[in-house]
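Heads up: the sequence lines are chains A and B, in that order. Under numbering that gives the first Met the number 0, residues 0 to 432 are what the first sequence spells out, in order. Under numbering that gives the first Met the number 0, residues 0 to 176 are what the second sequence spells out, in order.
Derived from the structure by calculation, the hints contain no laboratory data. Everything numeric in this text was worked out from a predicted model, so none of it was measured. Please note that a few of the clues may not be correct.
What the simulated footprint calls covered on chain A by chain B, stretch by stretch (three residues with Cβ under 8 Å from a Cβ of chain B suffice, anywhere in the stretch; the number is not a length) [as the list claims (entries may be wrong)]:
# : region
1 : 83–92
2 : 126–138
3 : 159–171
The beta carbon of each residue, even a glycine, is placed where N, CA and C say it ideally should be.
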Amino acid sequence: MAKQILLKNIEVPGLAGFDVYRRLGGYSAVEKALKGYTPDQVTDEVKKSGLKGRGGAGFPAGMKWSFIDKKSDNPRYFVCNFDESEPGTFKDRHIGQLNPHQLIEGMILGSYALGANAAYIYIRGELFYVLNIIEKAINEAYKNGFLGENILGSGYSLNLYCHPGAGAYICGEETALLESLEGKRGNPRIKPPFPAIVGLYGCPTVVNNVETIAALPWIVNNGGEAYAAIGTGASTGTKLISACGHINKPGIYEIELGLPVEEFIYSDEYCGGIRNGNSLKAVVAGGSSVPILPADLILKTAKGEPRLMSYESLAEGGFQTGTMLGSGGFIVMDHTTCIVKNLLTFARFYRHESCGQCSPCREGTGWMEKILMRIEGGQGTMKDINLLTDIAKNIEGNTICPLGDAAAWPVASAIRHFREEFEEHVKLQKCPF
Amino acid sequence: MQDKNTIAEFNAATLDLVNQIIKRYPQGRQKSALLPVLHIAQAENNGWLSADTMDYVASLLGIQPIEVYEVASFYSMFNLQPVGNCVIEVCQTGPCWLNGAEQLLAHFEKRLGIKPGETTPDGKFTLKTVECLAACGNAPVIQVGTEYHEKLTTLKADELLDKWTAENKNSHTNPYL
Ligand SMILES: Cc1cc2nc3c(=O)[nH]c(=O)nc-3n(C[C@H](O)[C@H](O)[C@H](O)COP(=O)(O)O)c2cc1C
Ligand code: SF4
Ligand code: FES
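With the hints as extra help, turn the sequences into a complete structure.
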């Protein structure tokens, strides 16, 4: 069942070129939608598909589209979030680099459904070489009549552009992304109003992740119900998982949602087990922001049921014993890993990436990094461990955007599940690894 | 290292590119072109943004210089101080750390005789640490200009350094080309 939707043709040579993509059935969804569907019918198919946003938050895409302000006289915009900066996440690059036309086709479908005549792909600045690949594909799409004025004689027109970021994780947060696209600092906006009402240039806007958008051609071609038939019912379709860390086969895998975690980690079809025959210690299942789980809790829920790769199964047990599917950035650690040191790299990341607007996030991320440096460096005290928990608690829920939570959760969960390891650092006055 | 502003202004071809980019945004929204234009300006100014360069960008886009400074200082890809001809950026975040990024960084420090944030006395190399480059499956990863080098070993790092030294590598090329 793997590789059926997003990565089906990914290994075909020349797929990034228009001709190969087209020969494999590419752009047939645009033909079908523009000739046979009203924009609302496209939205209905996406609603029926149950497709959840693949950027991390998992909000249903069709529902988000239906919030777009249709009464406004302003133009509407569709924006692709290609900021891909969440540590452990490297799936969108794969699509952009190898199958840019699939993303472009999805952009046309989404823009048509939303009534947008201009759309932007916001791509992190480090990935300029991918931006150039996508721009080349965009030019081909224009030349072949799939972008520009009066596409396929339907009367519908769309211009599509790429826009580079310049090194700022926070610009992946959708309102910071819009600020950045307007040529400003990436400071998240206070919500509400949501972008569907007040977005880019104050106009109704929808922001979706690359992977969400890349699933649209299949959904339009095969129907929302066919998509919803894949997966677990609550988690429909397939998901890209970017797997890294101490596994034998790091890489990007398309899984049917509901695959057992154990099969994902140990089968040769996916991660191929832990390197050097080592034992599994912990997994961060959905990008650096989600709670870390020890081996026993990632393989089985607290109730003893097999843990599955789905939104609901990974969340089973709440934050006490569960985690989140997030962006699908699956970071695996074997028994040689120092949890404190790994956490310190994440803490440094969030301190570096905080935009600085809210005091709890700006100050708290700095304190957490410093205390973790102290513990890892052998100067920590037992009180420091509780202090970390306190700081995390005081950041969570008290900030403008979820980066604060994203910084707090890894700390809180590492202490929850690996407290003895922090204490050992303090007792030994050094890192035991 | 070059601390003087070397672009008096863009040449005709670059101006053409800049004008094309400005047209991607609605009328009156030319400020949106700021990040792409700063990338181009930085490449043309030996990899950093001097006050003169930023003032020139402000004049091109018809915005205030302060609007450029506040943006340039926010984004980590923009250098506000002179850098070497070849900037080596080593990823340090969790997944790369799990796969030897610390040892790799130490190796670069030793070979170049500098710490992160510093430039070699001959002005050839600047070493920087950066956060996750979205290539964690091929950790450890470094970035040099628009190039990624993945699954790096100290052996491969040596080969690259030798090559870059020999060819006097310049990583500040127009990213759109
Ligand atoms: C700090 C932060 C960083 C984020 N980074 C990304 C990102 O790199 N890519 C992405 O698609 N979404 C990211 N998001 C989520 C976006 O805000 C938004 O939910 C998403 O783009 C919506 O698209 P989707 O519904 O298709 O997932 C981030 C959110 C936060 C709070
Ligand atoms: S939570 Fe952090 S990143 Fe988000 S707006 Fe506040 S300071 Fe900025
Ligand atoms: S952690 Fe280095 S590329 Fe992601």
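Against the structure, the hints come out as follows:
1. With 9 residues bearing a CB less than 8 Å from a CB of chain B, the region 83–92 of chain A meets the requirement of three and the coverage assertion stands.
2. Note: the region 126–138 of chain A has 5 residues with beta-carbon separation from chain B under 8 Å; the three-residue rule is met and the coverage holds.
3. For a cut-off of 8 Å, the count of residues in the region 159–171 of chain A with a CB near a CB of chain B stands at 8, and the three-residue condition holds.
In terms of the numbered hints stated before, the structure departs from none.
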